[in-house]
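Read top to bottom, the protein sequences are chains A and B. For the first sequence, counting from 1, position 404 maps to 404 in my numbering; every step adds exactly one. For the second sequence, counting from 1, position 91 maps to 91 in my numbering; every step adds exactly one.
Keep in mind that a hint or two might mislead.
As a list, the in silico DSBU-like pairs of lysine-lysine whose alpha-carbon atoms are at most 35 Å apart [unchecked claim]:
| no. | chain 1 | residue 1 | chain 2 | residue 2 |
| --- | --- | --- | --- | --- |
| 1 | A | 290 | B | 44 |
| 2 | A | 2 | B | 74 |
| 3 | A | 290 | A | 373 |
| 4 | A | 293 | A | 373 |
| 5 | B | 74 | B | 44 |
| 6 | A | 293 | A | 354 |
| 7 | A | 290 | A | 354 |
| 8 | B | 44 | A | 373 |
| 9 | A | 373 | B | 74 |
| 10 | B | 74 | A | 293 |
| 11 | A | 354 | A | 373 |
Far from chain A, some chain B residues (derived; all Cβ distances over 10 Å) [claimed, not checked]:
| no. | residue |
| --- | --- |
| 12 | 17 |
| 13 | 49 |
| 14 | 109 |
| 15 | 111 |
| 16 | 125 |
Keep in mind the hints are simulated off the structure, nothing from the lab. A quick note: this is a predicted structure, and the numbers were derived from the prediction, not measured. Even for Gly, the Cβ is constructed at its ideal location relative to N, Cα and C.
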Amino acid sequence: MKLSAEEQAMLAGEMGAPKRWAMEHMMQVGNAFDATDMVPVSQAHMMADPESLGAAGVRFLEAFTRYPPEQRHVAIPMLTDPRGVDPDYYRPLGQTEEMAELDRRISAACQQLGIMMTNTCINYQTVMAPVRGEHVAFGDTGVVIYTNSVLGAYSNFEGGPSALAAGFTGRTPRYGLHLDENRRGTQHFVVRHQPRGLTDWGTLGAIIGRHAGSYWEVPVIEGIESVPTSDEMKHLGAAMASYGSTPLFHLVGITPQAPDLAAVDGGAMASARDITRADFDALRSNFGGKGAKVDVVVFAAPQLSIMEMAQVARLLDGQTVHPETALLVCTSPAVAADSARLGFTGRIEAAGGKVLQGTCFYQQYAREIGAAKGWTRLLSNSAKIVNILGGYGYQPALASMEECVAGAVAGRIV
Amino acid sequence: MRELRCHRGIGGRTEGVALVADDNFSARYDLDRRRGLFSRAQHKLAGQSYVDLILVVNTAKGGVASAWMLYEMKARAMAPRAILFNRYNTILAQGAALADLAMCDRFEDGDITQLISTGDELIVAPADGLVIITN
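Generate coordinates for the entire structure from the input sequences, incorporating the hints supplied.
Structure, rendered in structure tokens:
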């Protein structure tokens with residue numbers, strides 16, 4: 001890789017051990033993908049939940065805190081993905097002191113490194129959205145696919161270590177989605193059944209992601225008849241990334257890099273595949289059936305925007321959650337503050353729900369929570385979370401937000 | 001003995017026994033990491049241990065967590081010895097770099113999940129872009 005004088009100095013350790021480690025790590029990764037140089041990035045965003053890091057990852061992070069501030073502080077604004085524990089509400093979920101302590105140690109270490117503990121996977125809605133053409137190093141699949149597709153900015157999926165390396169240096173190897181040649185369409189879809197509501201948008205993402213099936217495919221989607229909202233794009237992208245590990249899609253005539261088909265047609269796309277009502281029905285048939293008991297209803301993955309918080313509050317007005325069913329709502333600390341101020345949280349919790357701050361259910365020891373609480377039947381409007389939690393010992397079911405609230409009240413799928 | 005050429009990979013040279021599936025891989029989505037088993041019922045390796053084996057799968061799936069998780073699994077000696085993909089993604093490569101776990105992809109002779117069988121004895125040499133079936 002061709003390195004600048006400053007990058008060579010970092011690699012040689014002249015600017016401290018954290019930057020040297022970061023350069024060595026990025027050289028390994030960059031060489032694996034044939035990167036020829038580094039690209040400056042303006043923001044980094046790191047997965048930092050204790051379930052992912054484990055004790056070993058926490059020790060790895062803490063090791064950097066012993067260096068002086070000028071060496072250990074990140075070089076660019078750096079944010080965090082959801083944490084693993086809501087410090088105000090973990091014992092009722094069966095989470096242990098050991099989990100909470102690991103979470104506290106991560107927060108302390110990150111703050112020593114100058115990282116902002118935003119604890120959010122919706123930073124593009126709540127912190128600072130990148131602009132078209134901006135290069136960033138983001139560490140959440142839903143964040144990355146939204147950033148690449150909806151905003152027209154450039155990011156690979158950055159795992160925690162690589163996001164940290166980008167934070168220390170303000171750079172990332174120039175490979176993958178940082179190169180225009182990898183952003184052209186490879187698969188072509190025509191939507192023949194219009195999505196209605198967030199769950200439909202997530203379902204569409206799941207259908208396309210499952211078909212794409214690889215980080216290196218770029219779906220091009222035609223046939224959408226109305227411009228989706230930010231929350232609809234959020235569910236579309238999060239599900240596509242979850243089912244397909246897909247970091248980028250183009251909605252022709254809607255997303256910024258796809259004003260028309262020709263703009264994103266790299267010449268390698270096979271004939272278009274229609275997506276019909278039958279595809280939606282088939283995907284949803286994998287997840288749940290009417291009448292089944294529900295242990296827990298989860299709104300998360302991604303964290304809820306203030307618009308979604310308002311919608312959940314409105315649906316719960318005058319209702320009471322069934323005594324044998326839990327209802328959890330996960331959002332960012334920033335949205336939680338607004339939700340409390342605007343009365344949404346009070347209305348959700350008056351009905352028997354619980355708003356969790358800074359967490360996202362599948363990133364907070366969902367397997368251990370399920371075991372501790374005896375929860376297996378989970379209902380959610382997130383196509384992403386029902387995909388993930390099938391491997392965590394749950395029998396997840398997918399339904400609209402309205403159906404989820406009705407299910408929470410009835411204690412069973414309605 | 002058969003030599004399989006691939007792109008230059010990540011991690012150090014290692015040897016071991018293959019566990020193969022024409023399926024994809026995510027440490028978060030598919031594994032019970034505490035017990036070292038594939039826990040997703042739909043996965044073709046459901047119920048099987050991956051610990052200390054050379055896992056051979058199609059591609060990476062899912063999200064970002066696998067990067068931290070490979071490091072954590074290796075620290076507890078509950079990781080595969082190496083992972084071979086037809087095509088890995090950025091996350092698995094980054095995780096392998098941190099964990100110093102051998103990882104290779106982009107094999108010249110075709111689908112690696114068809115070229116290697118479960119139980120084959122392998123030498124994996126990522127720096128050389130080489131995997132050898134020794135049995």
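*Broken hints, numbered, in rising order?*
10
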